[in-house]
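Participant: Each chain, letter by letter, is given below.
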Amino acid sequence: EDKVVQSPLSLVVHEGDTVTLNCSYEVTNFRSLLWYKQEKKAPTFLFMLTSSGIEKKSGRLSSILDKKELSSILNITATQTGDSAIYLCAASNFGNEKLTFGTGTRLTIIP
Amino acid sequence: NAGVTQTPKFQVLKTGQSMTLQCAQDMNHEYMSWYRQDPGMGLRLIHYSVGAGITDQGEVPNGYNVSRSTTEDFPLRLLSAAPSQTSVYFCASSDDRVNEKLFFGSGTQLSVL
Numbered sequence: 001e002d003k004v005v006q007s008p009l010s011l012v013v014h015e016g017d018t019v020t021l022n023c024s025y026e027v028t029n030f031r032s033l034l035w036y037k038q039e040k041k042a043p044t045f046l047f048m049l050t051s052s053g054i055e056k057k058s059g060r061l062s063s064i065l066d067k068k069e070l071s072s073i074l075n076i077t078a079t080q081t082g083d084s085a086i087y088l089c090a091a092s093n094f095g096n097e098k099l100t101f102g103t104g105t106r107l108t109i110i111p
Numbered sequence: 112n113a114g115v116t117q118t119p120k121f122q123v124l125k126t127g128q129s130m131t132l133q134c135a136q137d138m139n140h141e142y143m144s145w146y147r148q149d150p151g152m153g154l155r156l157i158h159y160s161v162g163a164g165i166t167d168q169g170e171v172p173n174g175y176n177v178s179r180s181t182t183e184d185f186p187l188r189l190l191s192a193a194p195s196q197t198s199v200y201f202c203a204s205s206d207d208r209v210n211e212k213l214f215f216g217s218g219t220q221l222s223v224l
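Chains as they are written, first to last, in the working numbering: chain A, 1 to 111; chain B, 112 to 224.
Hints are computed from structural coordinates only; laboratory data are not their basis. Here the structure is a predicted model, which is why all the values come from computation and not from measurement. Heads up, the beta-carbon is just placed ideally off N, CA and C, and yes, glycines get one too. Heads up, a few of these hints could be off.
On the chain A side, residues computed to face chain B include the following (Cβ under 8 angstroms) [said to hold, decoys possible]:
{"id": "1", "residue": "Lys41"}
{"id": "2", "residue": "Pro43"}
{"id": "3", "residue": "Leu88"}
Keeping only pairs whose Cα atoms sit at most 25 angstroms apart, straight-line, the calculated SDA-like set for lysine to any residue is [stated by the list, open to error]:
{"id": "4", "chain 1": "A", "residue 1": "Lys41", "chain 2": "B", "residue 2": "Tyr175"}
{"id": "5", "chain 1": "A", "residue 1": "Lys98", "chain 2": "B", "residue 2": "Glu183"}
{"id": "6", "chain 1": "A", "residue 1": "Lys37", "chain 2": "B", "residue 2": "Lys212"}
{"id": "7", "chain 1": "A", "residue 1": "Lys98", "chain 2": "B", "residue 2": "Leu124"}
{"id": "8", "chain 1": "A", "residue 1": "Lys57", "chain 2": "A", "residue 2": "Thr81"}
Can you make the complete structure from the sequences, with help from the hints?
Facilitator: This is the structure:
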């Protein structure tokens with residue numbers, strides 16, 4: 001059975017800190033690793049990673065995939081209160097139109 | 112831009128009642144899906160559709176029905192509500208065949224008493 005595990009489950013930091021969120025996966029015929037941000041309601045897409053070692057970046061957020069270690073990290077630098085959210089990791093595989101989601105990391109930024 | 116629209120936002124049902132959660136998207140996406148989100152469980156796929164007239168089961172389909180008569184609409188029907196179906200339900204759509212970059216609706220919080 002495909003599985004995605006995220007750590008930590010929750011994290012509380014002060015504004016301005018840098019955080020690293022972790023995601024590991026066990027997926028048959030792995031295709032890609034995705035990150036979503038869920039604030040009040042609907043998750044919104046952040047990154048999709050398919051190649052190992054290539055960093056994707058958007059402003060203060062960046063992510064990288066390690067296919068050898070079957071894992072990915074999401075980094076957020078100079079955190080702001082608007083970064084408070086649940087961050088979801090998901091994995092897709094070839095031949096299957098479905099995503100397997102992790103349970104998420106709840107990030108809280110204290111002003 | 113409407114995107115993916117879900118109704119209702121909140122619903123309380125009694126055990127045994129039936130209801131339909133509505134989902135519509137205006138992006139002409141072929142792929143649509145329904146997820147439920149429970150504490151400690153992550154998002155779990157209920158049913159999905161790769162186009163009008165085509166539906167398939169996801170990870171947790173029991174107790175739910177779907178149909179896809181148009182590209183825009185993908186309603187989820189609860190046949191006989193049970194307390195175990197208390198959850199937050201999300202509809203999502205995607206414009207890629209491998210269904211990776213999902214656009215989510217704002218969710219429906221359902222309580223079954």
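Participant: Please flag the earlier hints that this structure goes against, numbers listed from lowest up.
Facilitator: As far as the earlier hints go, only 7 is violated by this structure.
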